[in-house]
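**Student:** Chains as they are written, first to last, in the working numbering: chain A, 2 to 111; chain B, 561 to 679.
This list has only true hints and no planted wrong ones.
Derived pair list, reagent style DSSO-like, types lysine-lysine, alpha-carbon separation capped at 30 Å:
hint: 1; chain 1: A; residue 1: Lys98; chain 2: B; residue 2: Lys569
hint: 2; chain 1: B; residue 1: Lys569; chain 2: B; residue 2: Lys631
hint: 3; chain 1: B; residue 1: Lys630; chain 2: B; residue 2: Lys569
hint: 4; chain 1: A; residue 1: Lys60; chain 2: A; residue 2: Lys71
hint: 5; chain 1: A; residue 1: Lys98; chain 2: B; residue 2: Lys631
hint: 6; chain 1: B; residue 1: Lys643; chain 2: B; residue 2: Lys617
hint: 7; chain 1: A; residue 1: Lys37; chain 2: B; residue 2: Lys631
hint: 8; chain 1: A; residue 1: Lys98; chain 2: A; residue 2: Lys57
hint: 9; chain 1: A; residue 1: Lys98; chain 2: B; residue 2: Lys630
hint: 10; chain 1: A; residue 1: Lys71; chain 2: A; residue 2: Lys52
hint: 11; chain 1: B; residue 1: Lys617; chain 2: B; residue 2: Lys574
hint: 12; chain 1: A; residue 1: Lys58; chain 2: A; residue 2: Lys71
hint: 13; chain 1: A; residue 1: Lys37; chain 2: A; residue 2: Lys52
hint: 14; chain 1: B; residue 1: Lys569; chain 2: B; residue 2: Lys617
hint: 15; chain 1: A; residue 1: Lys71; chain 2: A; residue 2: Lys37
hint: 16; chain 1: B; residue 1: Lys617; chain 2: A; residue 2: Lys98
hint: 17; chain 1: B; residue 1: Lys617; chain 2: B; residue 2: Lys630
hint: 18; chain 1: A; residue 1: Lys57; chain 2: A; residue 2: Lys37
hint: 19; chain 1: B; residue 1: Lys631; chain 2: B; residue 2: Lys617
hint: 20; chain 1: B; residue 1: Lys617; chain 2: A; residue 2: Lys37
hint: 21; chain 1: B; residue 1: Lys643; chain 2: A; residue 2: Lys98
hint: 22; chain 1: B; residue 1: Lys569; chain 2: B; residue 2: Lys643
hint: 23; chain 1: B; residue 1: Lys617; chain 2: A; residue 2: Lys71
hint: 24; chain 1: A; residue 1: Lys37; chain 2: A; residue 2: Lys98
hint: 25; chain 1: A; residue 1: Lys71; chain 2: A; residue 2: Lys57
hint: 26; chain 1: B; residue 1: Lys569; chain 2: A; residue 2: Lys37
hint: 27; chain 1: A; residue 1: Lys71; chain 2: A; residue 2: Lys98
Just the calculated beta-carbon pair ranges, DEER-fashion:
hint: 28; chain 1: A; residue 1: Asn25; chain 2: B; residue 2: Glu667; range: 18 to 26 Å
hint: 29; chain 1: B; residue 1: Thr637; chain 2: A; residue 2: Ala79; range: 42 to 50 Å
hint: 30; chain 1: A; residue 1: Pro9; chain 2: B; residue 2: Asp619; range: 21 to 29 Å
hint: 31; chain 1: B; residue 1: Ser633; chain 2: A; residue 2: Val51; range: 30 to 38 Å
hint: 32; chain 1: B; residue 1: Glu667; chain 2: A; residue 2: Gln4; range: 20 to 28 Å
hint: 33; chain 1: B; residue 1: Gly600; chain 2: A; residue 2: Thr82; range: 15 to 23 Å
hint: 34; chain 1: A; residue 1: Gln10; chain 2: B; residue 2: Asp619; range: 18 to 26 Å
hint: 35; chain 1: B; residue 1: Pro599; chain 2: A; residue 2: Met6; range: 15 to 23 Å
hint: 36; chain 1: B; residue 1: Asp614; chain 2: A; residue 2: Asp19; range: 43 to 51 Å
hint: 37; chain 1: A; residue 1: Tyr11; chain 2: B; residue 2: Ile655; range: 29 to 37 Å
hint: 38; chain 1: A; residue 1: Glu18; chain 2: B; residue 2: Lys569; range: 29 to 37 Å
hint: 39; chain 1: B; residue 1: Glu667; chain 2: A; residue 2: His76; range: 15 to 23 Å
hint: 40; chain 1: B; residue 1: Thr646; chain 2: A; residue 2: Met6; range: 22 to 30 Å
FYI, nobody ran anything at the bench for these hints, they're computed from the structure. Yeah, the Cβ is synthetic: ideal placement off N, Cα and C, and Gly gets one too.
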Amino acid sequence: GQQVMQIPQYQHVQEGEDFTTYCNSSTTLSNIQWYKQRPGGHPVFLIQLVKSGEVKKQKRLTFQFGEAKKNSSLHITATQTTDVGTYFCMFSGGYNKLIFGAGTRLAVHP
Amino acid sequence: DGGITQSPKYLFRKEGQNVTLSCEQNLNHDAMYWYRQDPGQGLRLIYYSQIVNDFQKGDIAEGYSVSREKKESFPLTVTSAQKNPTAFYLCASSIGGLAGWSEGYNEQFFGPGTRLTVL
Numbered sequence: 002g003q004q005v006m007q008i009p010q011y012q013h014v015q016e017g018e019d020f021t022t023y024c025n026s027s028t029t030l031s032n033i034q035w036y037k038q039r040p041g042g043h044p045v046f047l048i049q050l051v052k053s054g055e056v057k058k059q060k061r062l063t064f065q066f067g068e069a070k071k072n073s074s075l076h077i078t079a080t081q082t083t084d085v086g087t088y089f090c091m092f093s094g095g096y097n098k099l100i101f102g103a104g105t106r107l108a109v110h111p
Numbered sequence: 561d562g563g564i565t566q567s568p569k570y571l572f573r574k575e576g577q578n579v580t581l582s583c584e585q586n587l588n589h590d591a592m593y594w595y596r597q598d599p600g601q602g603l604r605l606i607y608y609s610q611i612v613n614d615f616q617k618g619d620i621a622e623g624y625s626v627s628r629e630k631k632e633s634f635p636l637t638v639t640s641a642q643k644n645p646t647a648f649y650l651c652a653s654s655i656g657g658l659a660g661w662s663e664g665y666n667e668q669f670f671g672p673g674t675r676l677t678v679l
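Bound conformation, chain A alone (with noise of 0.2 Å):
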């Protein structure tokens, strides 16, 4: 069955540095979405990416599909401590099958 891998798990910064977080699925995707989910919280939307190489940026968050729209990745330049949560990636497997990545917690120390 289709599968997904997000790396990685945790990731500790200082406030100010860089944060990356990859998501890898054994097949290739129709469009891939991300969500972030801060502590206590749900899910919020944060983009969807459709196109083989797409690139979007929202102020400090750059997004990537790969061209083979097999992976994807989520880049934070710069973290701030309101960074702080766990970021997901999600996709559809096919039919009635919605898939979410284990999500990437980041804490971020001031």
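Once you have looked at the hints, place chain B on chain A.
**Tutor:** Showing chain B alone in chain A's frame:
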């Protein structure tokens, strides 16, 4: 304000009891979803509804049941058959659903969640 609400926020249940979690949305979304989240894990799909009076099982539907009698409402019942029900339950909705996933319009809006604890 438009949004999606879940109640209660915290729920305690004795073993052997059924319990129903509420999910209401006023976003006029066709699709609604129920997910389960366990500590340190990603979300897993329990049930999905593309439209009123229709719903489909997700990956972990055993021990759960749903109904979709109204567009706005998608309640989840956790039955006594669910062997390990203690978890964080999240409801979500989207304009489009799984049927037309590649077309987009499937950004998911999540409710605040219900933490269920079985005593």
